[in-house]
Amino acid sequence: MATKVWEIYKTRFCKQAGCDVHFEAEVVYPAEWLPDTPPRVLAHRCSHGTICNYDAHAGCVWSGTNPLVDPFADRS
Numbered sequence: 000m001a002t003k004v005w006e007i008y009k010t011r012f013c014k015q016a017g018c019d020v021h022f023e024a025e026v027v028y029p030a031e032w033l034p035d036t037p038p039r040v041l042a043h044r045c046s047h048g049t050i051c052n053y054d055a056h057a058g059c060v061w062s063g064t065n066p067l068v069d070p071f072a073d074r075s
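Start counting the sequence shown at 0; every next residue gets the next number (numbering that gives the first Met the number 0).
Any given hint could turn out to be false.
Just the calculated beta-carbon pair ranges, DEER-fashion [what the hints assert, rightly or not]:
1. 10 / 30: 39 to 47 Å
2. 12 / 53: 27 to 35 Å
3. 9 / 33: 25 to 33 Å
4. 8 / 32: 22 to 30 Å
5. 5 / 30: 30 to 38 Å
6. 37 / 64: 15 to 23 Å
7. 50 / 6: 15 to 23 Å
8. 6 / 35: 19 to 27 Å
9. 31 / 11: 33 to 41 Å
Since the hints were derived computationally from the structure, they do not count as laboratory data. Cβ atoms here follow ideal geometry from the backbone N, Cα and C, with glycine treated the same way.
Sequences are here, hints too, so could you generate the full structure?
Given below as structure tokens:
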């Protein structure tokens, strides 16, 4: 049977939250009888995203409320 888990993708400091946040990916690992099938990523989320969405100010791109911006793109 396939296994779904949330794995930490990366950790960054968030200026709006004032703390480190974890960027997570929901990964599905195939059943053991399908060994050649690679894991699949179903979703992404920020560990602090729900809290940011409850605040009075607008949520940042990391909270997933802006569909036009990839929240896991590297910023330099």
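Worksheet item: Between residue 12 and residue 53, does the C-beta distance stay in 27 to 35 Å?
Response: Violated, since residue 12 and residue 53 (Cβ atoms, about 20 Å apart) do not stay within the stated range.
Item to complete: Could you say whether the range 39 to 47 Å given as a hint is met by the Cβ separation of residue 10 and residue 30?
Response: violated, 30 Å
Item to complete: Please test the hint of 22 to 30 Å on the beta carbon pair from residue 8 and residue 32.
Response: holds, 28 Å
Fill in: Hint check for residue 35 and residue 6 - Cβ pair distance inside 19 to 27 Å
At roughly 21 Å between Cβ atoms, residue 35 and residue 6 fall inside 19 to 27 Å, so the hint holds.
Worksheet item: So the hint says 30 to 38 Å: do the beta-carbon atoms of residue 5 and residue 30 match that?
Response: violated, 19 Å
Practice prompt. Just tell me: holds or violated, for the beta carbon distance of residue 31 and residue 11 against 33 to 41 Å?
Written response: For residue 11 against residue 31, whose Cβ atoms are near 34 Å apart, the range 33 to 41 Å holds.
Worksheet entry | Distance restraint evaluation - residue 50, residue 6, Cβ atoms, bounds 15 to 23 Å | This hint holds: roughly 20 Å between Cβ atoms.
Worksheet item: Between residue 9 and residue 33, does the beta-carbon spacing fit 25 to 33 Å?
Response: Holds, at about 28 Å.
Discussion item. Taking the Cβ atom of residue 37 and the Cβ atom of residue 64, is their distance within the range 15 to 23 Å?
Written reply: Violated - the Cβ-Cβ distance for residue 37 and residue 64, about 30 Å, lies outside 15 to 23 Å.
Comparing the model with each numbered hint stated earlier shows that hints 1, 2, 5 and 6 do not hold.
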